[in-house]
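Use the sequences and the hints to build the structure in full.
So the chains spell out like this:
There are 2 protein chains.
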Amino acid sequence: MEGAESIYATYPPRLTAAQEQFLASTIKNWTIQNGLTVRPPTTFVSQEAVSKGVLATNAPVTLFPSPFPKTSFDEARAVQKTYNKLYADISRDENWLGEIIQELIDVDDFISGLWKVHDAVKKQGYVQSLSLGLFRSDYMIHTSSGSQNPSLKQVEFNTISSSFGGLSSRVSALHSELLSFPSGHQISYPPHPLFDGRVPPENAAVETLSAGLAAAHGAYGSSKSSPSLPLCILFVVQEGERNIFDQLALSTRISNFHNIPVFRLNTTEILDLTSVTDSNSSRPLIYTPPHAPNTPFEVTTVYLRSFYAPTDYKSERDWAARLHLERSAAIKCPSVLNQLSGCKKIQQVLADPNRQDHLSRFLPQGDSDTAERLRRTFAPQYDLAANGRGRELALNPETAAFHVLKPQREGGGNNIYKTAIPEFLRSIPESDWKSWVLMELIQPPEEARNVALRSDGEVISGHVIGELGIFGTILWSSNGEILHNEEGGWLMRTKAKESDEGGVAAGFSSLDSIILY
Amino acid sequence: MEGAESIYATYPPRLTAAQEQFLASTIKNWTIQNGLTVRPPTTFVSQEAVSKGVLATNAPVTLFPSPFPKTSFDEARAVQKTYNKLYADISRDENWLGEIIQELIDVDDFISGLWKVHDAVKKQGYVQSLSLGLFRSDYMIHTSSGSQNPSLKQVEFNTISSSFGGLSSRVSALHSELLSFPSGHQISYPPHPLFDGRVPPENAAVETLSAGLAAAHGAYGSSKSSPSLPLCILFVVQEGERNIFDQLALSTRISNFHNIPVFRLNTTEILDLTSVTDSNSSRPLIYTPPHAPNTPFEVTTVYLRSFYAPTDYKSERDWAARLHLERSAAIKCPSVLNQLSGCKKIQQVLADPNRQDHLSRFLPQGDSDTAERLRRTFAPQYDLAANGRGRELALNPETAAFHVLKPQREGGGNNIYKTAIPEFLRSIPESDWKSWVLMELIQPPEEARNVALRSDGEVISGHVIGELGIFGTILWSSNGEILHNEEGGWLMRTKAKESDEGGVAAGFSSLDSIILY
Numbered sequence: 001m002e003g004a005e006s007i008y009a010t011y012p013p014r015l016t017a018a019q020e021q022f023l024a025s026t027i028k029n030w031t032i033q034n035g036l037t038v039r040p041p042t043t044f045v046s047q048e049a050v051s052k053g054v055l056a057t058n059a060p061v062t063l064f065p066s067p068f069p070k071t072s073f074d075e076a077r078a079v080q081k082t083y084n085k086l087y088a089d090i091s092r093d094e095n096w097l098g099e100i101i102q103e104l105i106d107v108d109d110f111i112s113g114l115w116k117v118h119d120a121v122k123k124q125g126y127v128q129s130l131s132l133g134l135f136r137s138d139y140m141i142h143t144s145s146g147s148q149n150p151s152l153k154q155v156e157f158n159t160i161s162s163s164f165g166g167l168s169s170r171v172s173a174l175h176s177e178l179l180s181f182p183s184g185h186q187i188s189y190p191p192h193p194l195f196d197g198r199v200p201p202e203n204a205a206v207e208t209l210s211a212g213l214a215a216a217h218g219a220y221g222s223s224k225s226s227p228s229l230p231l232c233i234l235f236v237v238q239e240g241e242r243n244i245f246d247q248l249a250l251s252t253r254i255s256n257f258h259n260i261p262v263f264r265l266n267t268t269e270i271l272d273l274t275s276v277t278d279s280n281s282s283r284p285l286i287y288t289p290p291h292a293p294n295t296p297f298e299v300t301t302v303y304l305r306s307f308y309a310p311t312d313y314k315s316e317r318d319w320a321a322r323l324h325l326e327r328s329a330a331i332k333c334p335s336v337l338n339q340l341s342g343c344k345k346i347q348q349v350l351a352d353p354n355r356q357d358h359l360s361r362f363l364p365q366g367d368s369d370t371a372e373r374l375r376r377t378f379a380p381q382y383d384l385a386a387n388g389r390g391r392e393l394a395l396n397p398e399t400a401a402f403h404v405l406k407p408q409r410e411g412g413g414n415n416i417y418k419t420a421i422p423e424f425l426r427s428i429p430e431s432d433w434k435s436w437v438l439m440e441l442i443q444p445p446e447e448a449r450n451v452a453l454r455s456d457g458e459v460i461s462g463h464v465i466g467e468l469g470i471f472g473t474i475l476w477s478s479n480g481e482i483l484h485n486e487e488g489g490w491l492m493r494t495k496a497k498e499s500d501e502g503g504v505a506a507g508f509s510s511l512d513s514i515i516l517y
Numbered sequence: 001m002e003g004a005e006s007i008y009a010t011y012p013p014r015l016t017a018a019q020e021q022f023l024a025s026t027i028k029n030w031t032i033q034n035g036l037t038v039r040p041p042t043t044f045v046s047q048e049a050v051s052k053g054v055l056a057t058n059a060p061v062t063l064f065p066s067p068f069p070k071t072s073f074d075e076a077r078a079v080q081k082t083y084n085k086l087y088a089d090i091s092r093d094e095n096w097l098g099e100i101i102q103e104l105i106d107v108d109d110f111i112s113g114l115w116k117v118h119d120a121v122k123k124q125g126y127v128q129s130l131s132l133g134l135f136r137s138d139y140m141i142h143t144s145s146g147s148q149n150p151s152l153k154q155v156e157f158n159t160i161s162s163s164f165g166g167l168s169s170r171v172s173a174l175h176s177e178l179l180s181f182p183s184g185h186q187i188s189y190p191p192h193p194l195f196d197g198r199v200p201p202e203n204a205a206v207e208t209l210s211a212g213l214a215a216a217h218g219a220y221g222s223s224k225s226s227p228s229l230p231l232c233i234l235f236v237v238q239e240g241e242r243n244i245f246d247q248l249a250l251s252t253r254i255s256n257f258h259n260i261p262v263f264r265l266n267t268t269e270i271l272d273l274t275s276v277t278d279s280n281s282s283r284p285l286i287y288t289p290p291h292a293p294n295t296p297f298e299v300t301t302v303y304l305r306s307f308y309a310p311t312d313y314k315s316e317r318d319w320a321a322r323l324h325l326e327r328s329a330a331i332k333c334p335s336v337l338n339q340l341s342g343c344k345k346i347q348q349v350l351a352d353p354n355r356q357d358h359l360s361r362f363l364p365q366g367d368s369d370t371a372e373r374l375r376r377t378f379a380p381q382y383d384l385a386a387n388g389r390g391r392e393l394a395l396n397p398e399t400a401a402f403h404v405l406k407p408q409r410e411g412g413g414n415n416i417y418k419t420a421i422p423e424f425l426r427s428i429p430e431s432d433w434k435s436w437v438l439m440e441l442i443q444p445p446e447e448a449r450n451v452a453l454r455s456d457g458e459v460i461s462g463h464v465i466g467e468l469g470i471f472g473t474i475l476w477s478s479n480g481e482i483l484h485n486e487e488g489g490w491l492m493r494t495k496a497k498e499s500d501e502g503g504v505a506a507g508f509s510s511l512d513s514i515i516l517y
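Protein chains in written order, with full-length UniProt numbering: chain A, 1 to 517; chain G, 1 to 517.
Keep in mind that the hints are not guaranteed to be accurate.
Which copy is meant is left open, so a pair is good if it fits within one copy or across any two.
To be verified - Below 20 Å or equal to it, Euclidean Cα-Cα: the simulated EDC-like pairs (lysine to aspartate or glutamate) are:
| no. | residue 1 | residue 2 |
| --- | --- | --- |
| 1 | Lys-52 | Glu-447 |
| 2 | Lys-52 | Glu-458 |
| 3 | Lys-70 | Asp-109 |
| 4 | Lys-52 | Asp-456 |
| 5 | Lys-497 | Glu-446 |
| 6 | Lys-52 | Glu-20 |
| 7 | Lys-81 | Glu-458 |
| 8 | Lys-497 | Glu-458 |
| 9 | Lys-314 | Glu-156 |
| 10 | Lys-52 | Glu-241 |
| 11 | Lys-122 | Asp-272 |
| 12 | Lys-418 | Glu-241 |
| 13 | Lys-224 | Asp-367 |
Derived by calculation from the structure, the hints in this document are not laboratory data.
Shown next, in the form of structure tokens:
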């Protein structure tokens, strides 16, 4: 089959008004029927109606799956377990990690706060040697002018609250159904050669992520309380989470398939509803459901879908709650150190072409093949040290135009792009520059197009940029033992090219699926 | 186990604020995740937001399943196939049916309009000998003062657009999950003896109703068009249907499990998008999807989720559309005659204790057991003929207090209750009285209580009345041959006692499930 650019000359097929109307109304119904939903934003429905907690609308989704090169998809999957282990090993290497984090501590309160949590627990002694990672490695297709073949470049590696596994597999199901029904007469889409017999590849994100949490639950062992208590997994979430159905897809699987009790808890409720008994040196974390105060549970695994951004720590009480969890016997997904391993600075250090080789430190000695394979997924990244290459590229408008400037934050929305970089840097104190990372922009296919249904029912179409995430889970011990290391499931997010940022919940981009070519 | 009254002395268990909050928020999430949803009413969300067609909210549901006597549930299921055949046979007996309908024609424009459709098709000759019925027989538990045992009394028998099969089975799943999870520590509800190991009985409504439609599709045979066309089932629906997810549960099953193409069509689109080729004496009904105008389908089965109320016929064009469907080769679910067999007058004639025995006419000769079994489910019903028992009971406020006055309409909302009956009758011309039926009120358990979550998120609790519907499907030929006759699936609706009417979509009542005792 042809390359990406020629595919997009005819893809997606143009829709008549009746075809667009059919697809939009079918998707509006399908998403509600199948929980491919979000709580509506208050920009669309009144705050009063939203506050009742009953309304839902479709997650933003593309009408068509997006073409994606099979070799790149296979490669992204093939390196995931290596990436899982790399970030587990970085999290275990407190000295190396600490040295890099030290560079950020005086300029980044958030990083500093996290490190303080680690320090405090270290003083008391960690009581849990196991850590769980539910990771997502995000990529874009890079079409460099010199090369015929598109290559795979990592945008970022997420070590906390990797989202959209739950909804993503439903988008695959949606597009598969549209491509397959009615049986023998596929008329939902206009015909296109790319559709001939193709459906999106299997997407086992829910199964994989849930199995990771179940593995941690199992590895925790029996209750450390006396008398012993029933065990559970705890999802720690943000208040008023609009993306709740993504999370519920995992908790439902854990409850119904793995038969493990799961509870949800807002960050603000942690200190009220959980306790750590200091008289018990194992420090089990006890959760007392307010609706069943006589049936306390012992928490084996804390899964964070919160606490990943500075805004999740509104007061010292929130930092106290994070410390409270961290010092307990529960397995954390992630631990503070594992969260810190995902900050952009680490990715920059690994990918900086002008810096000493750090990557090999974490790979089996002599395995240059694996190192090379990972390196091929790196886009060049730089720090902004004085007299360094990064500073030079960032301050020159001509070279800045090919770069993006990223803070340490997860979740998007904070990046500075292209020619805005020099001006932005001059607007902040030079002492803060070291908290930023400069990354060469990946050049995705220019002509990619798609059509999306927004959560407010509007249908928009135009040029897009796609980002593929691969999910992986790993459970490791501080002594280096790996108890579980799996790859499985993926996420395709597609954003309108006019917007420079990701983050589906923020309304900039849509959930998508892929057709391999 | 004890009788209904003593059960309700302790049922449902009282909820603390935290317990109610847990159940309400769990159900708010579960319903969206599992499509137990309706489109929101404009009383709750602005017309503008509703018009985008993307929002959904939970269907009104009870927090607890309702206790129901096992013997009555078994009996309701046991008579369903006999009821299926009874109404099929009534629909085939044009003379008998016509005689009764004649009594209504000059006082009821709607009944008269339906009969005219039948007359017009009869003149041209029917081209389809098969008819499909998707029925629901509705019952209440009757607790007469003299008897210890509760008995089962039929409220009505529905022959068109029998709804809530799709959502009802999900309510069973919801209550089962609340009763079963977390595994080994059932803490969703406060403990109650009725819960010990019990979950709602299996509810195969979706499977049963879909299998009925699939049976008709299969019995239609091959395409009658030349050249032959692909075959499909057509759902004819109301514009702006809020209860769409109930319908989609059936069409999804038909499409994904039975592999049969299904399309939805508003009544207003019938004449634009379907055609009957008169040059073909078989008169196949052709549907041309607007999104695939080059791929017309031949309709094997027309499933009406519209055309059941006078408000569905806004102009002569709607009557023309109904005639257009009726004269075609498609199997109708229901045919006009089958729809007419469901009018209240028929049920009154069968159940009138002061009238000649009509029931035996439709049952196997000498099978007095079956007749007796059906009769036990009848509440006494009367017409209002001059000097008749019905008129006497209706005009006397003392006896009227034990009765309900019903028009021929489906769907509730038009009944006159108790002491309001004499005054109402005097307010309309006596010549119109014959379009009304007087029915003895069923006396459900006085103390029944439940708690419900409304679609706007409000939680209400109080005394309730429950109504159990049993679903059945039958496919028959005009020559009396029965090709398919099945019973399966049920609906529990629970309404606040303060309201006298049913109709969940109207907001008066909630979907419920049952625990057998």
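Okay, the hints, checked on the actual structure:
Taking CA atoms no more than 20 Å apart as the test, Lys-52 paired with Glu-447 passes in neither setting, with 43 Å inside one copy and 30 Å between copies. With identical chains, the CA atoms of Lys-52 and Glu-458 are at most 20 Å apart between copies only, with a shortest distance of 8 Å across copies and 24 Å within one. In the homo-oligomer, the alpha carbons of Lys-70 and Asp-109 never lie at most 20 Å apart, since the shortest distance is 42 Å inside one protomer and 65 Å across protomers. Both within a single protomer and between protomers do Lys-52 and Asp-456 lie at most 20 Å apart by alpha-carbon distance, with minima of 18 Å and 7 Å respectively.
In this homomeric assembly, Lys-497 and Glu-446 come within 20 Å of each other (Cα to Cα) only inside a single copy, at 9 Å, whereas the closest approach across copies is 64 Å. For the homomeric pair Lys-52 and Glu-20, the shortest alpha-carbon distance between copies (14 Å) is at most 20 Å, but the shortest distance inside one copy (33 Å) is not. Within a single copy, Lys-81 and Glu-458 get their C-alpha atoms no closer than 39 Å, and across copies no closer than 48 Å, so neither meets the 20 Å cut-off. When the C-alpha separation of Lys-497 and Glu-458 is checked against a cutoff of 20 Å, the pair qualifies only within one copy, where the shortest distance is 17 Å, while the shortest distance between copies is 42 Å.
In this assembly of identical chains, the alpha carbons of Lys-314 and Glu-156 never lie at most 20 Å apart, being 26 Å within a copy and 59 Å across copies at closest. Taking the shortest alpha-carbon separations for Lys-52 and Glu-241, only the intra-copy value of 13 Å comes in at or below 20 Å, while the best inter-copy value is 23 Å. When the C-alpha separation of Lys-122 and Asp-272 is checked against a cutoff of 20 Å, the pair qualifies neither within a copy, at 24 Å, nor between copies, at 74 Å. With identical chains, the CA atoms of Lys-418 and Glu-241 are never at most 20 Å apart, being 32 Å at best within one copy and 49 Å at best between copies.
For the identical chains of this complex, Lys-224 and Asp-367 are neighbours neither inside a copy (41 Å) nor across copies (69 Å), given an alpha-carbon limit of 20 Å.
Checked against the numbered hints given earlier, this structure breaks hints 1, 3, 7, 9, 11, 12 and 13; the rest are met.
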